[in-house]
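Student: Turn these sequences into a full structure, and let the hints steer you where they fit.
There are 2 protein chains.
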Amino acid sequence: MDLTELETPCLVLDKRKMEKNIARIHGRMKDLGVNLRPHGKTAKNIDAVNLTLAGQSGGITVSTLKEAEYYLGYGISDIVYAVGIAPVKLERIAGIMQKGGKITLILDSIEQVRFVAAKAQQHGLTIPVLIELDCDGHRSGVTSDDPLLVDIGRMLDNEKGVSLEGVLTHAGGSYLCRSVEEICIMAEEERSAAVKSAEILRANGLPCPVVSVGSTPTANFAENLGGVTEVRAGVFIFYDLVMAGLGVCAESDIALSVLASIIGHQKRKGWVITDAGWMALSRDRGTASQTVDQGYGRVCDMEGNPLADLIVSGTNQEHGMIAERAEKGPGWEQLGIGNALRILPNHACATAAKHDRYYLIDGTTEVIDIWHRINGW
Amino acid sequence: MDLTELETPCLVLDKRKMEKNIARIHGRMKDLGVNLRPHGKTAKNIDAVNLTLAGQSGGITVSTLKEAEYYLGYGISDIVYAVGIAPVKLERIAGIMQKGGKITLILDSIEQVRFVAAKAQQHGLTIPVLIELDCDGHRSGVTSDDPLLVDIGRMLDNEKGVSLEGVLTHAGGSYLCRSVEEICIMAEEERSAAVKSAEILRANGLPCPVVSVGSTPTANFAENLGGVTEVRAGVFIFYDLVMAGLGVCAESDIALSVLASIIGHQKRKGWVITDAGWMALSRDRGTASQTVDQGYGRVCDMEGNPLADLIVSGTNQEHGMIAERAEKGPGWEQLGIGNALRILPNHACATAAKHDRYYLIDGTTEVIDIWHRINGW
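These protein sequence lines map, in sequence, to chains A and Y. Okay, so the first sequence: first residue is 10 according to my numbering, each after it adds one. Okay, so the second sequence: first residue is 10 according to my numbering, each after it adds one.
Fair warning: there could be bad hints in the mix.
Because identical chains share one entry, a pair is satisfied inside a single copy or across any pair of copies.
Said to hold, decoys possible - Result set (DSSO-like, lysine-lysine): computed pairs, CA atoms no more than 27 Å apart in a straight line:
1) K24 <-> K169
2) K278 <-> K169
3) K169 <-> K108
4) K75 <-> K128
5) K276 <-> K39
6) K205 <-> K276
7) K128 <-> K111
8) K205 <-> K278
9) K128 <-> K169
10) K75 <-> K111
11) K39 <-> K24
12) K337 <-> K29
13) K39 <-> K29
14) K111 <-> K24
15) K205 <-> K337
16) K39 <-> K205
17) K75 <-> K276
Since the hints were derived computationally from the structure, they do not count as laboratory data.
Tutor: Written out as structure tokens, the structure is:
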């Protein structure tokens, strides 16, 4: 089957580009002497995650318990659930452990230690826990200079039902960097915050075997990961326009695109209308704050080559409006009504999440496989 | 079961508010003497759509063929597919017609008439078609002064395999209005563009039984719908912060909310962290261009009452950052780690689309039912 036969909108995954992206991060991890704990939240698919696990120690990261259960069902048992824990999720976590999963939680408060330990004791379990660190002020976590770090560490070490495994941080602020230099600096801040916190815990007589860091930008530009035991990253598998805008990848590395049909012309406005609206592309506007604003996505031909300067300039639920920026587009004839286009996403995780499957290609427009996704919670 | 027992994030639907919203639009349609053709794209659920059909003629609008097939499966056979047609969808449309569905297509080009007629002839079908009109320059459609209108009309009337049913327009630009006065003006522009186009077709000896208009804002404020045969609207069933910002509804009319757990405090920043990120809320920032920017959503207690001035100020995939604006929030104790909150959405269609089911309540926090959604294409 050829891409032109697929009903639109749908999600296209270029396997060759994905494999190149994975090989690149594996090479980086090898050079840095550290293990990759890939994040399963981007692909949400076992075949993709298995490719990222090649040559690594076998552990993964997840963002939902549905991912945890799904990957465990395929034999991946070492799982970090990298979202702060809430009480309503503990019964399900106990169930995952009872099925043989080693699911490690993260937290950054005394309250969380209390309710996790209580539930674990109730089930006769010992739940492994990482203390979440804040290395860049972008979200959650304790800072290395906060006495709470050692307080949480002591409590995890003392309470029954929980075990202190180490520390975890995520330099999510790196998505807002403006240059590779800034990413390099942030990578070192991420590393040093994690290593310093681990040293503080150890100096207080507490165990800290795991020192986990990671984000796709910092994983790509870290120059030294001394003291770090594992790197977590997710979006590297597909890349996207935000990553290209950051200089983390080239536009030609982006493995994911949305296939769309042209359903109209608005010649007075210079618009081409497609059937890929925000339901297919997502509302993500991650490039809006970058040097080059890519609208809701970059428009390519069926081979995945960018078409002049065309972007998706606006979206409704099931409509996308394509407009040219400075450069003159290919003209109405080449963008005929009924023809198909491919659109590169701003944010691969957000766009992929709008779809339940990937149509795989391998350098041509022939569909070679279909991979399913595990959405929801 | 109580809301506090649900695993978060999940979608909560207040049935009492929804029923009030539906009664209000039904009252308006009755006063205006026009039929409602509700849009099934907001709820994507048969029970909700059946409530909107009460007292109407039974036809609905859809945004995907999956919706069309789903609603047809529940006996709703009069369906307008309100997205410009592409060739790759025609086989499936033929299948819907062969199963007894009367699916009416929309188009705004000669090319589309050609490929629809060709496919219909191939299957021995006659596909009903509405000409899409542009009443406000926001998206697709031909304008009433464009000779293309009559050209398309003639071709639909002459070709085998297609039948000219009338005209359809959608004042989507009304979402960007800044006042009720502007919405009233836009409602009249929507009506007059549709009625004028119908008159032009009729003056050229062409049939135009259907004159279809609609958007939730214009449906709420139209003062006269003379010449219009049906109104399409979708988001009125739930309402949202964009509609409240427009003055179309009150914040207390919003029937939809996302239930979230508090998973952390960042006291230095004044943030409360929840597990409802953009995966649960969507990336929609529809209120960003309104007078009051609601961030990624308005924060309420478990009864659905807004909490001081709190909004979701930032989102990552599975994290939401809550911050107060001018007014002092309820304090860390009332927003304890492990507690739950409800978040009103910017755009009901976008937020609901992130979930596969609704947990229904009826004025209390007790869950009275679960309704499923039909996402995807």
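Student: Give a verdict on every hint.
Tutor: Against the structure, the hints come out as follows:
In this assembly of identical chains, K24 and K169 lie within 27 Å of each other by CA distance neither inside one copy nor across copies; the values are 46 Å within and 44 Å between. In this homomeric assembly, K278 and K169 never come within 27 Å of each other (Cα to Cα): the closest approach is 67 Å inside a single copy and 32 Å across copies. When the C-alpha separation of K169 and K108 is checked against a cutoff of 27 Å, the pair qualifies only within one copy, where the shortest distance is 21 Å, while the shortest distance between copies is 62 Å. In this assembly of identical chains, K75 and K128 lie within 27 Å of each other by CA distance solely inside one copy; the values are 20 Å within and 42 Å between copies.
Taking the shortest Cα distances, K276 and K39 never come within 27 Å of each other, neither inside one copy (53 Å) nor across copies (38 Å). When the C-alpha separation of K205 and K276 is checked against a cutoff of 27 Å, the pair qualifies only between copies, where the shortest distance is 22 Å, while the shortest distance within a copy is 60 Å. When the C-alpha separation of K128 and K111 is checked against a cutoff of 27 Å, the pair qualifies only within one copy, where the shortest distance is 16 Å, while the shortest distance between copies is 55 Å. For the homomeric pair K205 and K278, the shortest alpha-carbon distance between copies (22 Å) is at most 27 Å, but the shortest distance inside one copy (57 Å) is not.
In this homomeric assembly, K128 and K169 come within 27 Å of each other (Cα to Cα) only inside a single copy, at 10 Å, whereas the closest approach across copies is 69 Å. Taking the shortest alpha-carbon separations for K75 and K111, only the intra-copy value of 15 Å comes in at or below 27 Å, while the best inter-copy value is 39 Å. For a Cα distance limit of 27 Å, the shortest separation of K39 from K24 inside one copy, 22 Å, qualifies, whereas the shortest one across copies, 56 Å, does not. For the homomeric pair K337 and K29, neither the shortest alpha-carbon distance inside one copy (32 Å) nor that between copies (51 Å) is at most 27 Å.
Taking CA atoms no more than 27 Å apart as the test, K39 paired with K29 passes inside one copy only; the shortest distance there is 15 Å, against 61 Å between copies. In the homo-oligomer, the alpha carbons of K111 and K24 never lie at most 27 Å apart, since the shortest distance is 30 Å inside one protomer and 40 Å across protomers. Taking the shortest Cα distances, K205 and K337 never come within 27 Å of each other, neither inside one copy (53 Å) nor across copies (35 Å). In this assembly of identical chains, the alpha carbons of K39 and K205 lie at most 27 Å apart only when taken from the same copy (23 Å versus 69 Å across copies).
In this homomeric assembly, K75 and K276 never come within 27 Å of each other (Cα to Cα): the closest approach is 46 Å inside a single copy and 30 Å across copies.
Consistency with the previously given hints fails for numbers 1, 2, 5, 12, 14, 15 and 17, ordered from lowest to highest.
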